[in-house]
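Chain B: place on chain A using the hints.
There are 2 protein chains.
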Amino acid sequence: MSKFWSNKTKSIEPYVPGEQPKDKKYIKLNTNESPYPPSPKVIEAIKNAANGDLRLYPDPNCEKLRETIGEYYDLNKDEVFIGNGSDEVLAIAFQAFYNPEEPIVFPDITYSFYPVYADLYNISYRLAKLTEDFSIPVEQFLTKNGGVIIPNPNAPTAKHLDIDMVKKILDYNSEKVVIIDEAYVDFGGNSAVKLIKDYPNLLVIQTLSKSRCLAGIRIGFALGQEALIQGLNTIKNSFNSYTVDRVANAAAIAAIRDVEYFNECKNKIIATKAWASEAMGKLGFNVIPSEANFVFVSHASISAKEIFLMLREKGVLVRYFDKPRINNYLRITIGSDEEMKELIEKLKEIV
Amino acid sequence: MSKFWSNKTKSIEPYVPGEQPKDKKYIKLNTNESPYPPSPKVIEAIKNAANGDLRLYPDPNCEKLRETIGEYYDLNKDEVFIGNGSDEVLAIAFQAFYNPEEPIVFPDITYSFYPVYADLYNISYRLAKLTEDFSIPVEQFLTKNGGVIIPNPNAPTAKHLDIDMVKKILDYNSEKVVIIDEAYVDFGGNSAVKLIKDYPNLLVIQTLSKSRCLAGIRIGFALGQEALIQGLNTIKNSFNSYTVDRVANAAAIAAIRDVEYFNECKNKIIATKAWASEAMGKLGFNVIPSEANFVFVSHASISAKEIFLMLREKGVLVRYFDKPRINNYLRITIGSDEEMKELIEKLKEIV
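Protein sequence lines correspond, in order, to chains A and B.
Okay, so the first sequence: first residue is 1 according to the working numbering, each after it adds one.
Okay, so the second sequence: first residue is 1001 according to the working numbering, each after it adds one.
So here's chain A without its partners, still in its complex pose (with noise of 0.2 Å):
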């Protein structure tokens, strides 16, 4: 604590994320990267914006970038918005489209990065408690509120929320911005961009981090009606003209493109997390049916803080959240056929 930082610095709890040890070579399952290189074009392409053009800004506006993601999702580039990976897109799309006086509503068991957005920027919420479940419990956000954010699928449970349903929520909230986080959509959950021609309300927001294997580059990107978009422009202009460098366009570009590359990645993380599933399950283990790139598992007898730490000192990273109802959970990235073998060992090891 210090005398020169303003009373929000003072009082806000930041973000954890998972680790990035350094210490020694892990097996790393607790941050839900890809186990894939990127694409080869787009190693390619930014090897091309590696020239001297980088002495100029970059387009502020992302055009090339925003017709390419347009193209893909069948949109014109004004229903796009490009950040700084999905992170920086929620944290301007909390700023562009919720007031501090009207609460806005997410799930209890969610992304752990919404509560501290809303306290950022001073926007009150309350938590639609998720059923025994851990299904979003479609009714809490049928009520007056500031707006609704909701993953789809969600995080850290992996549970997908049915298009019906979001249809409903969609509906319900007509006056409001709904922001569907679909950070993990491409793994088997069902995209909610087909609603945005019949929704003006509906924001859709997605990463290249996970699926397009691009953790490191940093570009996540907004899907909906324009007037929802210039809203977020705004607010991204009032902050940073420049948000997205040129090696990172280039680099996005090239991954939206290689579609081939893209199905494929996610084809191999599908079939390995059917088979490690069904691995954990024999083990004991009760694996919530996930739609995302990860599973969320709790063991029958040993605890899920002892088999962290177990696997920690194995040399595996799981993913562990010290909060109420989740507890006793575990969250698993799916890694490469060869990582999530070791994980089974491991685990056969300590149950």
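Hints listed in this document are in silico derivations from the structure and should not be mistaken for laboratory results.
Some hints here could point you the wrong way.
[As the list claims (entries may be wrong)] Okay, the calculated bits of chain B under chain A, using three or more residues with CB under 8 Å as the criterion:
1) 1080-1088
2) 1092-1099
3) 1153-1160
4) 1272-1280
Note that beta-carbon positions come from the ideal geometry of N, C-alpha and C, so glycine has one too.
Frame of chain A; chain B shown alone:
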């Protein structure tokens, strides 16, 4: 205007950066970019960073880059903060150190992003009116206030504030954070970095966009005592854990390390500025002595706006601000010798 926008989105006036034209090839002297490409070692570092590790998140704390910058400035790594361009660092600093109810002070003619940050984060402010010759009115900062921010050299005036005057402002405002924005300091200014050890209230902000020829890669940094850096980290980690991607990080380390190239580029720009300023003087321009990589000029008989438009017609972009007190001035970035020779030729045709 959309009903979905927050009150902030409805009311704020975003910053407008200098044009990044796409219609034709211009001599671009409008956004204070370097005329020289980044160091060949930077290009090499980017190519080396284009590898499979991009599937992984970057180091959220930029340890190695902070160490590298720390070594260069003879500071500890915990006295260094990194951001996605110095605009992001400024935005984070406003939130980290300034409170809504205590007006901060900055010059009336200065970087026009400051009032936008203040509006975005609900921080009130008072403008200190520059003297008739555009000098910083030091006494106006020796008053009760919530903090101070001064670019040194100032923009768009290019005028430098003597380090003894900076000390005077730091001494008077010992309970408040004084930000010295040194985006342009390498081109002739006198940096306040050496005051950091004596002033816990001093935060110096710099960028790689100008003197390190890397506007396209988005790296800015802040230097100050540890408590201030912790305050910046608290806000940053409540907004976006991973603001600096792996490639930008590698590029920045290489740029800071290549001191020889840095000195070479900066010295060339200083030399070009000297002869170009003299040449413009001979054409009837009043050229304010500049300690930056740009000059702020007005002409005895032709209006700045006319010259701006005629130069644009002739393929040369400079920056014109249609604002009280400076609407008869042009801000002209120092380009290469060839570019400045062409500028002088065009000016000869005009005046």
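Now the hints, each set against the structure:
By the rule of at least three residues with a Cβ nearer than 8 Å to a Cβ of chain A, the coverage given for the segment 1080-1088 of chain B holds, with 4 such residues. Coverage of a stretch by a chain is defined here by at least three residues with a beta carbon nearer than 8 Å to that chain's beta carbons; for the segment 1092-1099 of chain B and chain A the count is 5, and the condition holds. Remark: the segment 1153-1160 of chain B is not confirmed as covered by chain A, as 0 of its residues place a Cβ nearer than 8 Å to a Cβ of that chain, below the required three. For a cut-off of 8 Å, the count of residues in the segment 1272-1280 of chain B with a CB near a CB of chain A stands at 0, and the three-residue condition is violated.
Against the hints set out earlier in the document, violations occur for numbers 3 and 4.
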